[in-house]
Amino acid sequence: MMTALNVRLLVEALTECVVRSKQLLDLDLVRVDLGQASLLRSILSGVARSSSLKHLAFENCMLDDEAVEKICEALKNHVSLSHICLSGRKITRANPIVGLILHQQAVRTNAAERHQFTKRLPRFSGIKRLSFVDCPNLGSASFRCIAESLHDSDAVKALDMVNCGIDKRGVSALEALVSLNTSLVLVDLRGNEVLACAGDLLRQKLLILSQGTQKYPVLPTSHAWDAAVRSPTKSPHRPSETTVKPRPSVPQPPEEVAEKIYARKSKY
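First residue of the sequence shown: 1, per full-length UniProt numbering; consecutive thereafter.
Accuracy of the hints is not assured; some may be wrong.
Below are the DSS-like pairs computed for lysine-lysine, each with C-alpha atoms no more than 25 angstroms apart in a straight line [to be verified]:
no., residue 1, residue 2
1, K76, K90
2, K128, K70
3, K70, K157
4, K54, K22
5, K168, K90
These are calculated hints, taken from the structure and not from any lab test.
Owing to the predicted nature of the structure, the values given are computational and were not obtained by experimental measurement.
Please work from the sequences and hints to get the whole structure.
Now the structure itself:
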């Protein structure tokens with residue numbers, strides 16, 4: 001068991017390491033008591049100044065809703081961070097995470113508009129994966145808020161809410177998320193009641209999105225939905241990702257014409 005002094009010394013050393021290191025990519029804090037505001041503030045000050053960190057996890061670090069709000073406020077403009085993982089039974093609200101998603105989406109949109117007529121690409125990429133693990137007090141209401149904030153998001157690629165108390169009331173939110181968001185590649189809801197209620201729904205949606213192909217080999221393609229999926233009517237949600245149309249062959253000029261074109265270009 002670490003004493004309060006040891007925890008403080010560890011946090012100070014980690015903060016200095018995060019600030020100075022240019023090679024540190026992942027930082028996992030496991031069972032480090034960050035209940036004191038000064039300790040969390042110290043860690044976040046170092047993470048905010050890091051230019052290389054991509055993954056940050058707080059696992060059973062005694063975080064509550066106020067601590068999550070401070071984390072989201074400190075990291076909302078971080079350039080390199082792409083994955084945040086939060087864990088703890090004291091986390092009950094998703095409002096800070098929703099605010100983080102919407103803020104980064106607005107920043108990304110503004111950056112794209114500023115650079116659309118130039119060759120420069122916006123440097124800000126933002127969070128690509130959000131993870132909540134063993135947060136049973138979040139519930140279906142928080143899942144609905146997060147899902148609604150991701151309807152128009154094209155940056156977040158993965159959402160993990162494992163054992164977060166999501167019951168059958170989250171089925172409609174899950175259906176809307178799968179139907180409206182075209183960029184998510186992973187939604188992990190293990191340990192939630194909603195999976196038992198939405199298994200058939202997810203199977204049907206995946207068959208529609210995959211156009212009945214073997215893109216998702218775990219799904220039975222001989223299901224009755226195949227008849228509807230393989231019909232001439234295309235799915236309005238997303239084009240098939242497995243069908244690749246061959247590029248039309250470009251007619252090449254005869255050798256004599258090609259030599260004349262090459263000679264003409266060589267003069268200049």
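*Hinted pair K168 and K90, Cα distance within 25 angstroms*: 22 angstroms, holds
*For the pair supplied as a hint, K54 and K22, is the alpha-carbon distance within the 25 angstroms limit?*
11 angstroms, holds
*Within a Cα-Cα threshold of 25 angstroms, do K128 and K70 meet the stated pairing?*
Judged against 25 angstroms, a Cα distance of about 20 angstroms means the pair holds.
*Taken at face value, is the distance from the CA of K90 to the CA of K76 at most 25 angstroms?*
Cα-Cα ~22 angstroms, so holds.
*asked:* Would the hint linking K70 and K157 be met if the CA-CA limit is 25 angstroms?
replied: Given that 25 angstroms is the threshold and the Cα spacing comes to 24 angstroms, the pair holds.
When held up to the earlier numbered hints, the structure conflicts with none and fits them all.
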